[in-house]
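Asks: Each chain is listed here by its residues.
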Amino acid sequence: MKTETANKTQNVTEKTERITGSEAIIRCLIAEGVDILYGYPGGAIMPVYDELYKFKDQISHILTRHEQGAAHAAQGYARISGKVGVAMATSGPGATNLVTGIADAQIDSTPLVCITGQVASHLLGSDAFQETDIVGISTPVTKWNCQVTKASEIPEVLAKAFYIAKSGRPGPVLVDITKDAQFGELDFKYEKCKGVRSYKPVPDTDLEAVSKAAELINNAKKPFIVWGQGIILGQAEEQLKAVIEKAGIPSAWTILGASAIPTSHPLNVGMVGMHGNYAPNMMTNECDVLIAIGMRFDDRVTGNLSTYAKQAKIVHFEIDPAEVDKNVKTDVAVLGDAKSSLSALLPLLNENTHTEWHQKFKDLYAIEFEKVINDDINPTKEGLTMGEVLKQINIESKGNAAIVSDVGQHQMIACRYSEFNITKSNITSGGLGTMGFALPAAIGAKMAAPDREVVAIIGDGGYQMTIQELGTIFQNKVPVKIVVLNNEFLGMVRQWQQLFFDKRYASTEMTNPDFVTIAKGYYIEGKRVTKREELAAAVKEMIASKDAYFLEVCVEKEDNVFPMIPSGASVSDIRLS
Amino acid sequence: MNEEIKSFTISVYTENNIGLLNRISAIFQRRHINIESLTTSQSEIENVNRFVIVVNITENQAIKVVKQIEKQVEALKAYYHTDEETIYTESCMFKIKSDLLFEEPQIQNIIKDSNARIVTVNKKFFVLEKSGRRHEIELLRRELNVFGIMQFVRSGRIAVTKEEMKISEMLSAFNNQL
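Those sequence lines, one after another, are chains A and B.
In terms of the working numbering, the first sequence opens at residue 1 and continues consecutively.
In terms of the working numbering, the second sequence opens at residue 1 and continues consecutively.
Derived from the structure by calculation, the hints contain no laboratory data.
Keep in mind that the hints are not guaranteed to be accurate.
Ranges of calculated distance between the beta carbons of each label pair, as one might list FRET restraints [said to hold, decoys possible]:
#, chain 1, residue 1, chain 2, residue 2, range
1, A, Asp502, B, Val160, 52 to 62 Å
2, B, Ser168, A, Glu17, 32 to 42 Å
3, B, Glu103, A, Lys150, 51 to 61 Å
4, A, Glu351, B, Arg30, 27 to 37 Å
A few chain A residues that face chain B, going by a derived Cβ cut-off under 7 Å, partial list only [said to hold, decoys possible]:
#, residue
5, Thr132
6, Trp144
7, Leu186
8, Tyr199
9, Pro321
10, Ala322
11, Ala506
On a predicted model such as this, the values are computed, not experimentally measured, just so you know.
A virtual CB, placed ideally from N, CA and C, is assigned to each residue, including glycine.
Can you build the whole structure from these sequences, using the hints too?
Replies: What follows is the structure, given as structure tokens:
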């Protein structure tokens, strides 16, 4: 199958053929190795759907129940596979419904190509039916976008779109194609894009900066690494592991960096940030050299910048020059992709263990375990906790599942307590915080990695934002496991209301439907757990299921996620209760 | 880092593509920075456009904005400069009733002293054009305002830098790579 596709690519590059624009779009997608795309048809994209029908043995289109679902499914596909996710929609509302997913992909650096239909070029600007300026609307949330009004432009623009989406710091690209360009004809010849003169995807690694970084690290008494998604996007997991182990540096991760190094690795000291672990947040303000790799010092990571790691020298390994000195002033910036920079760094590092320094992390972990973690994962109170559900999932999946989380309390719990043995396993909306992300993203993840166990962890709020994608799961028989942690609240907002708004629970309480019946309405097997003694068996049954499975766990209504760095506070002001 | 707000001229070399103006102006809008003036034109290089954008911001902001502009796929290169580092000018036009030329002889002196140029004259009106620094143009506008101005328009700043811009080298390096 794979060689066939490769040969086809070869053929189309050798000679030209007279075909329609819409056929060219599909042929371009096939040439780029796209096997699945997600979308929703409509008037202005119908010629392309007609071609999808003809090419359905070579490329499958998954009909989601809403265009937002298509964008998130494409994101899930991209995040677990490292390939470009593709979403398609019609003009007007179809296109605007993609925007949330595009914005999410932009802030989380996810490679997407979104193709939207547009009204015929002679109607542009006439307020035609389902006309919207999607290029204008999507400009601030795309890495690149472009409108195509002639069939002949299609191959070059799509080649450029895939190249830009995937190269350097990845991101979403939108190509808007008018209906007349889809109907029009062209002499088709596909050549992959090899470069764009105004765009340098990966800055050259400056070896002098690498050696300065090595010197700082070698002289450090209390070095501390914080890695981000740059490790995963740059496929630098092995290089990072080698660096950490050789130099013996305690290392923590941002939410999107999770799973790049197994959770069980002795030098993996947990998550930084607002609901991250106690030790890495506290030690941020005690280390002498902070080595940030492929992360961007997001405000949820740094808390108050004026008190963030002020005592430390900052070394920043980063692919995007615009991130250097954006939030935190660096002492040494190493531009370039993580893999080549870390490869250059490794031989310059001295072997070390930093045993005493590492012990401090262990001591703080013991405090966090006693005050927070133990009650979360081994609760003795009556109500179920989110943490114990995650613990059961870890046990049953043996830490090999990909965890797709939505946004809120359950997300923080999922990131804190999931065990990850495999990279690219934490799929969540980090930067944008898009509720409704998980269910469709899990669909894309499962389809891109059918051999992996994919478990979506969702709150009762976010679940209802894209609940209609159960239809996509049912129709396409996508065997995802769906866990709704139901506390009948918009839990994270309620937590803030409790802590910062004197418990005025404005519009956060939810009266929920019978979720199991809804799942069953889509012919998805489901179960509701309300008691601790039912939990282990239910999780076991869910993981063992060969088909999609829905598990609702009714958890304690007013539990809070701790530790917590109150917004605007310093990382070392992290609260354990 | 210098936190003093001052006038910076941001020069951007770009591909000549639809939508790029929107993409670049959005970078300022998102950071709540008002654009004092913006001019786009062909640059010294064929098919390469140049934006000249004047903003009042801190140097720290200027550095970040320039990086964000350069991050845009179709932006070739961006620079920021202080007023002292550029040679800059603006251009303006006045449309004035022709009668005034004869009724108010002082106007002729104003024109002469300001180095303004008469572009056209007809029975109804004449058009005056002047290039120069903002304060020179403002002075001329105030002087002519006494007599009545039918129309006034002033361009954005255009500027060249004292420093060399190595765009051509950059482009030929790219061509050699391919």
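Asks: Run the structure past the numbered hints and jot down the numbers of the failing ones, going up.
Replies: Those not satisfied are hints 4, 5, 7, 11.
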